[in-house]
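In this note's numbering, the protein residues as written are 502 to 881.
What the hints contain is simulated information worked out from the structure, not anything from laboratory work. Be a bit skeptical, because a hint or two may be false.
Derived DSS-like pairs (lysine-lysine); straight-line CA-CA distance at most 27 Å [unchecked claim]:
hint	residue 1	residue 2
1	859	842
2	880	703
3	519	700
4	636	606
5	578	793
6	859	515
7	880	700
8	664	589
9	664	768
10	746	793
11	768	746
12	610	515
13	636	507
14	603	636
15	615	589
16	519	556
17	515	555
18	604	859
19	768	794
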Amino acid sequence: MSEILKEVEERILKTLRKDNLISRADISRRVCLSKPVVSQVINKFIVEGAVEEKKVGKSSKKGGKKPILLSFVPDFKYIIGIDVGGNKIISILSDLDGNIIKKYKDITKGIDSKEDLVMIIRKCIDNVMPEDREKVIGIGIGVPGTTNMRSGFVYYLPAFNIKNFSLAECIRNIYSIPVIVSNDVTANSFGEMWKGAAKNAKNIFLTAIGTGTGSGIIINGEVYTGSHNMAGEFGYLITDWEREKNDDYKIFGHLENWFSGNAIERKVKNILNEDITAIEFFDSLDNNDDYKKIFEDSCEHLALGISNVINLLDPEIVVITGGIGYNRYDLIINSIFNTLKKTVPEEILSEISFERGKLGDLGVALGAVSLVHDNVFMKL
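Model the full assembly from the supplied sequences, consistent with the hints where possible.
Printed below as a string of structure tokens:
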């Protein structure tokens, strides 16, 4: 009986959130449930603070009692979302509709231990935690590496060279609330599907290019995480085996060694003997032929990776985001299209749209919020 009641509550709540300012009678018609059942559930939501009676509506043409219109209260509960990047970390406090209430940013570069990572995450959580902690229903964390989303176990974070520990358990033991840990780009995919460029699409390929390079895959409206919750390791695609088979640099994946912030910095160091950051590289790109050559070579490998995915999955949209992907989107798109035209059949490429991620540096954190929303709030 309780499972049936949960299903009824979920149907009513989804209808109320989709059509805000709606009467009990209209909800009853939409979900095909009796008015007494709907009223019982709505009254429960009102007591919990999830729903409020907003205003009196208009009578029908036949006259009669004016309906009371109901509205969902998105800030009756909060969710904390965290984006752990190779250089920086962002935490947000969000309501249940993804509206950001607080935001905090800090530095992660130089972290090389589990203890330091947990410490900086804890600092970010504390900086956005509301006074009433009971309102926070969960914490979502996106990390740059391989994870098991079901258990919250982290296998490998190449940006920090940290391996094999349960990040979810560490954070859960501190705050005693549900914690979900996901690969950062998978989280970003959830964010773009919830609030961003992929909102109305069903089949999406998202690649995030920052310190590293990764991807998220959405098939038929569902984020594809694979049998072991580790799908989307786009950075490990091979685009030149003859050169890559002898590469001993194992911290990042093969494609990541061609195009990522880390790869660009290493290439400039190895080829030109210059110590610069990826930001400095792009700022000087227009006036430096050596930099242009490195960039074009890197983009060719990125294009080959994207073309392999397109030919395999046939997505309707390709979303490019991440610190480099979002901020240098036009440069990247202009550079990769010549290769895409040569490697993807015209009848496929012409049907695919390419978009810059709409959420910018908040994509992962909002995606982490959406994970908690879907897996904790909707299961309460």
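Against the structure, the hints:
This hinted pair checks out: residue 859 and residue 842 have alpha carbons roughly 25 Å apart, not beyond 27 Å. Restraint check for residue 880 and residue 703: satisfied, since their Cα atoms lie roughly 23 Å apart, inside the 27 Å limit. Among the hinted pairs, residue 519 with residue 700 is consistent with the structure: their alpha-carbon atoms are about 14 Å apart, no more than 27 Å. Note on residue 636 and residue 606: the hinted pairing holds, with a Cα-Cα distance of about 22 Å set against a maximum of 27 Å.
Between the alpha carbons of residue 578 and residue 793 the distance comes to roughly 49 Å, so the proposed pair goes past 27 Å and is violated. Note on residue 859 and residue 515: the hinted pairing holds, with a Cα-Cα distance of about 25 Å set against a maximum of 27 Å. Between residue 880 and residue 700 the alpha-carbon distance is near 22 Å, which keeps this suggested pair within the 27 Å criterion. The straight-line distance between the Cα atoms of residue 664 and residue 589 is roughly 19 Å, inside the 27 Å bound, and the hint therefore holds.
For the given pair, residue 664 sits about 26 Å from residue 768 by alpha-carbon distance, which is consistent with the 27 Å threshold. Among the hinted pairs, residue 746 with residue 793 is consistent with the structure: their alpha-carbon atoms are about 26 Å apart, no more than 27 Å. Annotation: proposed proximity of residue 768 to residue 746 holds, straight-line Cα distance about 18 Å (limit 27 Å). Of the supplied pair hints, the one linking residue 610 and residue 515 is violated, its CA atoms being roughly 41 Å apart against a limit of 27 Å.
A C-alpha spacing of about 21 Å is found between residue 636 and residue 507, which places the hinted pair at or below 27 Å, so the restraint holds. This hinted pair checks out: residue 603 and residue 636 have alpha carbons roughly 14 Å apart, not beyond 27 Å. Taking the CA atoms of residue 615 and residue 589, the gap is about 16 Å. The hint holds against a cut of 27 Å. For the proposed pair residue 519 and residue 556, the alpha carbon gap of about 18 Å is at most 27 Å, so the pair holds.
This hinted pair checks out: residue 515 and residue 555 have alpha carbons roughly 17 Å apart, not beyond 27 Å. Taken as a hint, the residue 604 and residue 859 pair is honoured in the structure, with Cα atoms around 18 Å apart against an allowance of 27 Å. For the hint pairing residue 768 with residue 794, the CA-to-CA distance comes to about 11 Å; that is within 27 Å, so the pair holds.
Hints 5, 12 from the list above are not met by this structure, while the remaining hints are.
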